[in-house]
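Here is what each chain is made of, one letter per residue.
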Amino acid sequence: MADSSWRCARCDEALTARKTVFTYLGQSFTHEVLRCPKCGRVLIPPELARGKMAEVEEQLEDK
Amino acid sequence: MELFSETASVCPVCLRRVKAAIVKRGGEYFMEKTCPEHGFFSVVVWRGDDPAPGEWGEVSPPADGSRGAPDCPNMCGLCPEHLQKTCCALVEVTHRCNLRCPVCFADSGVRRSRVSVKLSVETLYARFRKLAAAGNTFVQLSGGEPTMRDDLPDIVAAAKAAGCEYVQLNSNGIRLGAEPEYASALADAGLDFVFMQFDGTRDAIYETLRGRPLLEQKLAAIDVCAERYLGVTLVPTVVPGVNDGDIGAILEFGFQRSPAVRGVHFQPISYFGRYPKPPDNADRITLPEILRAIESQTRGKVKVSDLLPSACDHPRCGFHGDFVVLPDKLLKLTKKSKASSSCCDDAHLRNRRFVARRWKRTRGTADAAGGGTDAAVDYGGMDGFLERVKSHGFTITCMAFQDAYNLDLERLRRCSLHVFDGRRTVPFCARYITPRQQP
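These protein sequences, in sequence, are chains A and B.
Position 40, counted from 1, in the first sequence is what this note's numbering calls 40; the numbers after and before it change by one each time, with no gaps.
Position 397, counted from 1, in the second sequence is what this note's numbering calls 397; the numbers after and before it change by one each time, with no gaps.
Quick list of the computed label-pair ranges, beta carbon to beta carbon: (1) A:A54 to B:L219: 35 to 41 Å; (2) B:P213 to A:P45: 55 to 61 Å; (3) B:G135 to A:P37: 48 to 54 Å; (4) A:T20 to B:L219: 41 to 47 Å.
Quick caveat, the hints were computed from the structure, so don't treat them as lab data.
We put the CB at the ideal spot given by N, CA and C, even for glycine.
The following block holds chain A by itself, in its conformation from the complex (with noise of 0.2 Å):
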């Protein structure tokens, strides 16, 4: 993912795109996405959480 021109909301940086951990229900994933390198959130695209992450969180959730 190259940086783009997203910049933080809190702190005025651009963000850059960084491998992010992610965890639910005690596994730990890690994805590339675009975060402030000084408050360290991180912006998750609709996409995503409509794509893999929902993904992820359906394999996880057991019956």
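Knowing the structure of chain A, use the given hints to seat chain B on it.
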């Protein structure tokens, strides 16, 4: 002696309903009951307190406080007192069999009264339509040995055409391994996955349980199914002194054969249909013993804590665990949250989706790569994980069927595996319950 619970059961001789108690004595739990005509019976139902039966899952009492239909399980066909809906509907397509196993739940191959009955594809289609119309879209074709029928591919196609989303074949695998073109026809007709009788990794086990060595045929069947992307779940009937020492080896075999093998489904032996003699307690292996054997025989690779009580049936009827086979280890997905094992109204639907997702093979990249030994793949990344869980998901499950000796109506009322005969839908254990055979 200490009382664990009060329930109802049947007399193993005349099958009349009787009161029963589950009592703890010397670290083991026994079902005890008395028939006014045939006397007192005591049978072991749970050995040890690791885990204890009271701590194995939560069972909330029925909202109306009822104790089941007064005539349960006689005249059974799901009644308003039944507490679980159908997860998997079993449809018998034949009573013929190419084996004469000393132990057979359906007494197949020699059944006198119905042996000549051959249901037409049209008749079966009508049954599948009834099931699908009621939302029961997961069917298991059973018997007998379904592959005795040359028109089984037509039956599979009929189930699919009727709207059955998942079609599972319950088979000993012999014909699948011997006739790859027959397996191809089943796959082309839409068969989704196979429940394959697989009692162990040594021929001596098959000689005892099935009357002849069968390992070679089983391996051939797995290979044939693998080539056709038919997911195989191995189904061992676990018998004390025969294959209870092979539990770890069966699991290890399954892991090595992933993704062709999708899981192992243990069935502790129960005594209905055909069996050599009335069972002693030494002839039984209980659910917690299977759990502990899995942990000890895999040397801790799979722990008791990786497995959860059944959510779809009564917790003392089974367990399940969810895993992903990675090239160098086993990834454990079983959710530890207690909420996951609670029984709720759609448990049967969630279970159906879960098993279908894991037991059906997908044609993803990792699957096509076979063993998936590419060390460069990052399974800790979302992409790598998603691909691998779809291709190499693996379940370890167990179902402890109940027979006339140990039938607990509290458990039976929560059964979600039902046999459909075109007219009635009957819980599996009620369908196959058999009175004690006279020595």
